[in-house]
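Enquirer: As a plain string of letters, each chain reads:
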Amino acid sequence: MMRKLAFPAVLLLVALYCTGPVLWQAVTSVKPDPELTSLPPVLPEHPTLSHYISIFTRHPFLKVILNSTVVAGATTVLALLLGSFAAFGLAKLRVRYTSLILGFVLSVSMFPPIATVSPLYLIIRALGLRDTWWALIVTYTTFSLPFSIWVLTNFFRSIPDEIYLASKVDGCTPLQSFFRVMLPLAAPGIFTTALLVFIFSWNEFLFALTFTSTTASRTIPVAIAMFPGLHEVPWGDIAAASIVVISPLILLVFAFQRRIIEGLTAGAVKG
Amino acid sequence: MASIRFEKVFKNFKNLGVIKSLDLTVDDGEFFTFVGPSGCGKSTILNMIAGLEPVTGGTIYFDDAPVNELTPRERDVAMVFQSYALYPHMSVAENLAFPLKMKKQPKDLIEAEVVRVAALLGLEALLGRRPKELSGGQRQRVALGRAVIRKPEVFLMDEPLSNLDARLRVEMRAELKRLHRQLKITTVYVTHDQAEAMGLSERIAVLKEGEVQQCAAPHEVYARPGNIFVAGFIGSPSMNFIDAQVRGKDPLKLEINGVEFNPVVERSPESDYVTAGIRPEDIIASKKETTPVEALVDLTEVEGPVTWVNLRWGNAALRVKAAPEEHLKPGDKVFLKFSGEKIHVFDREAGLRL
Ligand SMILES: Nc1ncnc2c1ncn2[C@@H]1O[C@H](COP(=O)(O)OP(=O)(O)OP(=O)(O)O)[C@@H](O)[C@H]1O
Ligand SMILES: [Mg+2]
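Taken in sequence, the protein lines are chains A and B. Take the numbering used here: the last position of the first sequence gets the number 271, and nothing is skipped along the way. Take the numbering used here: the last position of the second sequence gets the number 354, and nothing is skipped along the way.
Every clue listed holds true.
Non-contacting residues of chain A with respect to chain B, defined by C-beta distances greater than 12 Å in every case (computed):
no. : residue
1   : 8
2   : 18
3   : 48
4   : 49
5   : 69
6   : 105
7   : 118
8   : 120
9   : 138
10  : 246
11  : 257
Here are some chain B residues pointing at chain A (derived, C-beta under 10 Å):
no. : residue
12  : 47
13  : 51
14  : 54
15  : 71
16  : 73
17  : 79
18  : 82
19  : 85
20  : 86
21  : 99
22  : 103
To be clear, the hints were calculated from the coordinates, so they are not data collected in a lab. Even glycine gets a Cβ: it sits at the ideal position worked out from N, Cα and C.
Model the full assembly from the supplied sequences, consistent with the hints where possible.
Expert: This is the structure we're talking about:
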C-alpha cells in the first residue's frame, strides 16, 4: 500500500517543484497591488487584469514581443538551415576527420558567455550592428549551432546508409537526397532542435542586455528587467509579463509533445 | 544497355584488402551472378559498379567508357539493396514512382508505370501502405519494383530473394528470368545461395575472400570445379572429399580405402597423395550386394525423390544417395556403387583441379 502511494507522491512533489514558481507568478499577475506581498500566495479575493493592461499601455511591450519573436524565429531558421546542412555532410557524405570536426564544433560552446561578451560587443559595434535584430540573431545562431549540429548529426546517422545510397541510385543529386529523403526522415529531430533553439533565444539575457539599448531591438527578458523604477518594483507587472512570455513556449511544447519525445528517443530503438 | 568490364579492380577498407584484383567482363545483356559465402565482398562489388563505393585501384568500364569518376546518377543503374532501403516516409506507390520522378517523367506516364509494375509483382492491394506496414517479402517485392520500373543500363541485385518464403522465392526466380528475357538488360546478381545462382544465371563467378575462384557457366562450374573451395561450395549437398593414394600416374590410378579408381585428369599429380572429390549424387548406396564396397549407415535424411545417407566407409565419413524404397536405418550395412568417371581429383598443396 505504502509503495503504491509512494510513486505518485514523488511524482506530485516533482511536478509541484517544477510548476510552483509558474503558478506563483500566475497568481501574482492577477492580484491587485495591495495584496501583492501577502503570504502565503493564495488566490486573491478580487482578481484583476490591470497588470496585463498596464504592461501593454505603460510599456511598449508589443514591440518587445515582436523583437523577441523575430530574433528567436530567425535564429531558429538559420541555426536549423546551417545545422542540418552541416550535420548531413558529417553524417552521410564522405568527410574525413568527422569526430575531430564535431569536437571542434563542440568546443565553441564551451566558452562561458561572460568571457566572450566583451569581445563580441566590440565586434558588433565595429560592424555597426549595435541595437539591431541582427546583433542578436548572429550571436544566437553562433551559440546554438554546435547544439543543432550535434543533435542533427546523430539524427542523420540513425537513418540507414542504404536509404541515402538508394536515393543516389534512383537519380538524386546530393541536394535532392537531402530535401526529398533525409530531411523528412529527420523531421522529429528537426522539430526538437527547433524548439530548443527557439527557447534558448527567447530566454537569453546576457547578450540581449549588452547588445540592445532601446526598444528598437530590446527583447522580452531585458524589457522585463527594465520594469523596476527608481522607487518601486512593479511585481504585478513583472508577473503578468512573465506569464505572457512563457505561454507561447508552453503551448508549443504541449502541441509538439509527442514529436519531442519521439525526437529525444529516436534511434534508441530500432524500427 | 551495356557490358561491364573490370580491369585490375581492387578495393581496400582502411588497409584491409576486400577485393583483390578483379578482372572480368559481364557481357551486354547477360545475367551474371557473383556467388560466395557471407563477407566475401559481393555487396562491395555491386556498390563499386553502382558508384556508391570508389574503387581503390583499377578501372571499371561500361562498354568502352571508364566510369570510375561518374556518380550513380550518371551511371544510370538500378539497384535492389540487400536491406530493401525503401523510403519509410513514402507509400508503396510513391516508392515505386520515385526513380521516374527524379527523371522528370510526365505524371500520367509515371502513374501508368506504377500500375504496371504493381501488377507484375502482385502489389496492387498495397499501393497505399507505408513500408513499415509490409511483411519482409512484400518489402522485397517493392524494392524489386522500384528497380524494374526504370529501363536502366544495368540492373544490380543484392540478394533480392533472400527474405521470401520458399514458394514465393521459386516464383520470383521464374519472374526474374522472364523479366530478363523480356528486357535483355545486363543484370549483375549477388547471392550466397548456390542453387539460386545456378538456376538463374548465364554465368557465375564464385568468390572467396575477395578473389574470383572460377568464372564460367553454371553447368561447367558444377561439372568441372576449378578447386576444392568451388567444388565444396557449388552443389547441394556438398561434395565428399577423401584422401587418396596415387598408385599409377599415366593413366592415373588411385587407391581409396583399398578400392582402386581410374579417374580422368588433365595433368598428373606431382606428389603421391591427392584429394578425391565425389558428389553425393554420384555414389549410390543399396542393401543389395552389387559391389564389394561395404559401409555402415550413420544417419538418413529423406528429401522427396531421394534419400541422403551419412555413412562410414572404413575411416572416411561420406554422404551418399539412396533410393527412398531402400528404407535405410542407422546401423544398416550397405554396399556402395561409384560412377567411376565422376571423381574429381585435386592436388593436396593448393587444392587445384588436376
Ligand atoms: N564500410 C566498410 N568498412 C570496413 N569494412 C567493410 C565495409 N564494408 C564492408 N566491409 C568488409 O568487407 C568485407 C566484404 O563485405 P561485403 O558487404 O561486400 O560482403 P558480402 O559478400 O556482401 O556479405 P553478405 O553475404 O553477408 O552480405 C567484409 O569483411 C566486411 O567486413
Ligand atoms: Mg552483402
